[in-house]
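A.B. asks: Those protein sequences? They're chains A and B, same order as listed. Counting along the first sequence from 1, when you hit position 37 you're at 37 in this note's numbering, and nothing is skipped either side. With positions in the second sequence counted from 1, the corresponding number in this note's numbering is that position plus 80.
Honestly, the hints are just simulated from the structure, not real lab data. Just so it is clear, CB atoms sit at the ideal spot from N, CA and C, and this is done for glycine as well. Incorrect hints may appear among the rest.
Using 27 Å as the maximum straight-line C-alpha spacing, the simulated DSSO-like pairs for lysine-lysine come out as follows [unchecked claim]:
#1 Lys123/B <-> Lys52/A
#2 Lys52/A <-> Lys118/B
#3 Lys89/B <-> Lys52/A
#4 Lys117/B <-> Lys89/B
#5 Lys165/B <-> Lys52/A
#6 Lys89/B <-> Lys205/B
#7 Lys164/B <-> Lys38/A
#8 Lys41/A <-> Lys205/B
#9 Lys187/B <-> Lys52/A
#10 Lys165/B <-> Lys41/A
#11 Lys205/B <-> Lys52/A
#12 Lys41/A <-> Lys118/B
#13 Lys85/B <-> Lys52/A
#14 Lys89/B <-> Lys164/B
#15 Lys89/B <-> Lys41/A
#16 Lys164/B <-> Lys138/B
#17 Lys164/B <-> Lys187/B
#18 Lys205/B <-> Lys117/B
#19 Lys31/A <-> Lys52/A
#20 Lys38/A <-> Lys117/B
#21 Lys52/A <-> Lys138/B
#22 Lys164/B <-> Lys52/A
#23 Lys41/A <-> Lys117/B
#24 Lys89/B <-> Lys38/A
#25 Lys38/A <-> Lys165/B
A short list of chain A residues far from chain B (calculated; beta carbon distances all over 10 Å) [what the hints assert, rightly or not]:
#26 Val3
#27 Glu8
#28 Glu10
#29 Glu16
#30 Asp17
#31 Val22
#32 Asp28
#33 Gly33
#34 Ile34
#35 Leu48
#36 Ala58
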Amino acid sequence: MLVLSRKEGEQILIGEDIIVMVISIEKDSVKLGIDAPKNVKVLRYELLQELKNENLEALQGKERLIRIKDLKGLLKDGER
Amino acid sequence: MVVQKSVVKSRVFGELEVSEDSIIFFEDGIPAFENLKKFVIVKEDESPFYWLQSVEDKDIAFVLINPFEIKPDYEFDIPDDIVKKLEIESSQDVAVFCIVVISEDVKQTRVNLKAPVIINVNRRKGMQYLLDDERYPIRYYLFENLDPNSQK
Numbered sequence: 001m002l003v004l005s006r007k008e009g010e011q012i013l014i015g016e017d018i019i020v021m022v023i024s025i026e027k028d029s030v031k032l033g034i035d036a037p038k039n040v041k042v043l044r045y046e047l048l049q050e051l052k053n054e055n056l057e058a059l060q061g062k063e064r065l066i067r068i069k070d071l072k073g074l075l076k077d078g079e080r
Numbered sequence: 081m082v083v084q085k086s087v088v089k090s091r092v093f094g095e096l097e098v099s100e101d102s103i104i105f106f107e108d109g110i111p112a113f114e115n116l117k118k119f120v121i122v123k124e125d126e127s128p129f130y131w132l133q134s135v136e137d138k139d140i141a142f143v144l145i146n147p148f149e150i151k152p153d154y155e156f157d158i159p160d161d162i163v164k165k166l167e168i169e170s171s172q173d174v175a176v177f178c179i180v181v182i183s184e185d186v187k188q189t190r191v192n193l194k195a196p197v198i199i200n201v202n203r204r205k206g207m208q209y210l211l212d213d214e215r216y217p218i219r220y221y222l223f224e225n226l227d228p229n230s231q232k
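Produce the complete structure using the sequences and hints provided.
C.D. replies: Here's what the structure looks like:
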């Protein structure tokens with residue numbers, strides 16, 4: 001991993017067209033501005049992890065089928 | 081024309097006969113299951129749910145729901161690069177589903193509104209796309225949000 005020291009307002013260039021700028025530095029957080037082409041997805045890393053965890057949890061297979069039937073009932077109740 | 085049929089083993093359905101032309105190709109897989117590229121969608125009888133069953137791994141089957149069934153005002157823009165990637169030509173090509181997580185306590189069942197599964201039904205290409213949209217949570221609790229008045 002490349003580690004760089006940067007001051008407020010300073011920038012980092014990644015590849016040809018991605019610029020990361022340090023907007024402000026506060027006590028325990030840094031505000032970064034990221035300028036990247038539209039096709040480059042910029043994400044908070046935890047969000048992708050959260051999505052993966054959610055997908056893993058979603059996989060409950062057959063035993064959940066019965067629950068779906070319960071769910072159907074509950075949805076119907078909600079409709080009333 | 082002869083449609084190639086193949087049998088997919090599924091933990092949920094047992095053996096499932098699948099025609100080649102119903103297989104949806106997920107080029108990037110599904111986050112956490114990037115290696116799985118081929119899925120089929122199976123409608124659950126008499127319920128708003130569907131299954132997204134992996135063709136390659138019988139144990140992998142996600143429960144899906146059409147988000148408009150639970151949140152009629154759900155909306156997002158599909159960015160150009162995704163339109164291109166899924167070869168979407170018109171809005172009629174597109175089907176949107178959200179992954180349902182059924183909890184031990186059924187009343188805690190939640191729906192991932194943050195990362196819809198977008199499918200081009202004509203080209204049979206799909207992906208799970210993470211929205212950059214504060215309005216939609218990863219965990220949308222179905223029963224907390226169910227408004228009896230908005231349901232028919």
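A.B. asks: So if I understand the rule, the pair passes when the alpha-carbon distance is 27 Å or less; does Lys41/A with Lys117/B pass?
C.D. replies: Status holds; Cα separation ~21 Å.
A.B. asks: Does the claim that Asp28/A lies off the interface hold, with its Cβ farther than 10 Å from every Cβ of chain B?
C.D. replies: holds (22 Å)
A.B. asks: Taking the shortest Cβ-to-Cβ distance between Ala58/A and chain B, state whether it exceeds 10 Å.
C.D. replies: Non-interface label on Ala58/A violated, nearest chain B Cβ at 5 Å vs cutoff 10 Å.
A.B. asks: Can the restraint linking Lys164/B and Lys138/B be considered satisfied, given a maximum Cα separation of 27 Å?
C.D. replies: Outside the cut-off at roughly 30 Å; violated.
A.B. asks: Just checking, Gly33/A versus chain B, shortest CB gap more than 10 Å?
C.D. replies: Gly33/A clear of chain B: closest Cβ-Cβ about 15 Å, beyond 10 Å.
A.B. asks: Does the no-contact call for Val3/A survive, Cβ to all of chain B over 10 Å?
C.D. replies: holds (28 Å)
A.B. asks: Under the criterion that the straight-line Cα-Cα distance not exceed 27 Å, is the pair Lys89/B, Lys205/B satisfied?
C.D. replies: OK: Lys89/B and Lys205/B at ~21 Å, within 27 Å.
A.B. asks: Hint check: Lys52/A vs Lys138/B, CA-CA at most 27 Å. Holds or violated?
C.D. replies: Holds, at about 19 Å.
A.B. asks: Measure nothing beyond the straight line between the CA atoms of Lys85/B and Lys52/A; if it is 27 Å or shorter, mark the hint as holding.
C.D. replies: violated (32 Å)
A.B. asks: Holds or violated: are the alpha carbons of Lys41/A and Lys205/B at most 27 Å from each other?
C.D. replies: holds (20 Å)
A.B. asks: For the pair we were handed, Lys41/A and Lys118/B, check the Cα-Cα distance against 27 Å.
C.D. replies: Given that 27 Å is the threshold and the Cα spacing comes to 24 Å, the pair holds.
A.B. asks: Check the hint pairing Lys205/B with Lys117/B against an upper bound of 27 Å on the C-alpha distance.
C.D. replies: Satisfied, since the Cα-Cα distance of roughly 10 Å is no more than 27 Å.
Violated hints for the displayed structure, listed by number in ascending order: 13, 14, 15, 16, 17, 24, 35, 36.
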